[in-house]
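Trainee: Sequence:
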Amino acid sequence: MHEHIAFDGKALRGTYGHQDPEQTSVHLCAFYEVKTGVVLAQRDVREKENEISALKEMLTPDLIKGRILSADAMHTQRFFCQQVTLGGGHYVLIAKDNQPTLWEDLKLFFEDHAPDVRWQSHREVSSGHGRLDIRVTTCSPDLRDYLAQDWCGIEQVFCLERTSIQKGKPTSREVHYGITSLSPTHADAARIGALHRAHWAIENRLHRRRDVTLKEDASQIRTKHAPAMLAVLHNTMLACMDFLGVKNVASQRRFYDAHPWEAARLLFQGF
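For the sequence shown, full-length UniProt numbering gives the first residue as 1, with consecutive numbering after it.
Since the hints were made in silico from the structure, they are not lab data. Please note that a few of the clues may not be correct.
The list that follows gives simulated cross-link-like pairs (lysine to any residue, SDA-like), each with its CA atoms no further than 20 Å apart [claimed, not checked]:
| hint | residue 1 | residue 2 |
| --- | --- | --- |
| 1 | LYS65 | VAL212 |
| 2 | LYS56 | CYS152 |
| 3 | LYS167 | ASP133 |
| 4 | LYS35 | ALA190 |
| 5 | LYS65 | LYS96 |
| 6 | LYS224 | ASN235 |
| 7 | LYS167 | SER127 |
| 8 | LYS215 | ASN204 |
| 9 | LYS247 | MET229 |
| 10 | LYS35 | LYS169 |
| 11 | LYS215 | GLN252 |
| 12 | LYS96 | ALA73 |
| 13 | LYS215 | HIS234 |
| 14 | LYS96 | ASP112 |
| 15 | LYS247 | ARG208 |
| 16 | LYS224 | GLU49 |
| 17 | LYS215 | GLU203 |
| 18 | LYS35 | VAL136 |
| 19 | LYS96 | VAL136 |
| 20 | LYS107 | SER172 |
| 21 | LYS35 | VAL232 |
| 22 | LYS35 | LYS56 |
| 23 | LYS167 | TRP200 |
| 24 | LYS96 | GLN77 |
| 25 | LYS247 | ALA258 |
| 26 | LYS247 | THR236 |
| 27 | LYS35 | GLY66 |
| 28 | LYS96 | ARG67 |
| 29 | LYS65 | VAL34 |
| 30 | LYS215 | MET229 |
| 31 | LYS35 | GLN82 |
| 32 | LYS65 | CYS152 |
| 33 | LYS215 | LYS167 |
| 34 | LYS247 | TRP200 |
| 35 | LYS247 | THR223 |
| 36 | LYS35 | GLU203 |
| 37 | LYS56 | GLN42 |
| 38 | LYS65 | GLN82 |
Values in this document were obtained by computation on a predicted structure and should not be read as measured data.
Taking the hints into account, I'd like the entire structure generated from these sequences.
Mentor: Given below as C-alpha cells:
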C-alpha cells in the first residue's frame, strides 16, 4: 500500500511585521507523512517566491516514488500532476476557482450524473459534539480520456459532499470536486474520501499543535535561521510523541518537565 504524504505551508506569525533585515518573515512548506507524523522535507519560501515555486524544488524523485501526494487546491497544477506521475507516485487534488475550466467540467459532469457513466459512491455518517455529519464520496473513471491531455496521469474524478446537521442551526452543505491518478482498482470511493480527510492531518496534527500546544506563533525567536530550526525541533518532538502513542502532548510535556531524567532515559535508551 502506498504511503500518503500531505503538502502544506505555514506562516510563522511571530516573525511577521519586523523591519530589521535579519528578522525577515518566515513561511515554511512541509511534506508530512500522515501515518507516522514525520515531516519528510521542509523548506522556507524565499523572497519573491510562493508556495507553488517552493513545491517545484521539493518534488524530488526520492520523495515521490511509491507515495500518494495530496495538497490543497492552490497546488492543483499541471506541472504537479506531471512530475508526480513521471516520478512514480500518485496524487489526490481538489479543483477550485484557481482552475476554473477544470472546476466547471467536474461540476457539470457530476450534476448531470448521466446513467451510462460508471459511478461508485460511498456514504459515511458520524456524530459528535451535537452534530451529525453525512459524507458522500462519488467517483468515476469516465472523464479520464477527456481530461488526460491536460492532466497527466489522471484516472478518476470525484465529488465530495458533506452535510452537517446541528440542532438550532441551519443545515450546511459543502461540495468539492477533485482529480486523482489512482485507478478504481487502487482506490474506490471509500478510499478517496479517506485520503481527502487524512490530508488535513498536516493542519490538525502538525500545524495546529505547533501553534496551540507549543505556542510557535507567539515565539519571539525570529533572527536568521532560528525560527526554521525551532520548527524542525517542534516537528521532531511531535513525531516522537506520535510514535510513543501520546494522546495529550501538553500533559506529556508537563510530565517530562517534572521528570527530566525520564526524558533523558527515553533519548539515551532509544525508542
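Trainee: Quick one, are LYS56 and GLN42 close enough, alpha carbons at most 20 Å?
Mentor: holds (13 Å)
Trainee: Do the alpha carbons of LYS167 and SER127 lie within 20 Å of each other, as the hint requires?
Mentor: Holds, at roughly 12 Å.
Trainee: Between LYS56 and CYS152, does the CA-CA distance stay at or below 20 Å?
Mentor: Given that 20 Å is the threshold and the Cα spacing comes to 16 Å, the pair holds.
Trainee: When you check the alpha-carbon spacing of LYS96 and ARG67, does it fall within 20 Å?
Mentor: violated (24 Å)
Trainee: Is LYS247 within 20 Å of THR223, Cα to Cα?
Mentor: violated (33 Å)
Trainee: Has the given pair, LYS96 with GLN77, been kept, meaning a C-alpha gap of at most 20 Å?
Mentor: Distance of about 11 Å is within 20 Å: holds.
Trainee: Taking 20 Å as the top limit, are the C-alpha atoms of LYS215 and ASN204 close enough?
Mentor: holds (14 Å)
Trainee: Are the Cα atoms of LYS35 and LYS56 separated by 20 Å or less?
Mentor: Violated - the C-alpha atoms of LYS56 and LYS35 are around 24 Å apart, more than 20 Å.
Trainee: Mind checking the alpha carbons of LYS65 and CYS152 for me, to see if they're no more than 20 Å apart?
Mentor: holds (16 Å)
Trainee: Is the hinted pair LYS35 and ALA190 satisfied, with a Cα-Cα distance of at most 20 Å?
Mentor: holds (17 Å)
Trainee: Check the hint pairing LYS215 with HIS234 against an upper bound of 20 Å on the C-alpha distance.
Mentor: holds (10 Å)
Trainee: Check the hint pairing LYS65 with LYS96 against an upper bound of 20 Å on the C-alpha distance.
Mentor: violated (27 Å)
Comparing the model with each numbered hint stated earlier shows that hints 1, 5, 9, 10, 18, 22, 23, 28, 31, 33 and 35 do not hold.
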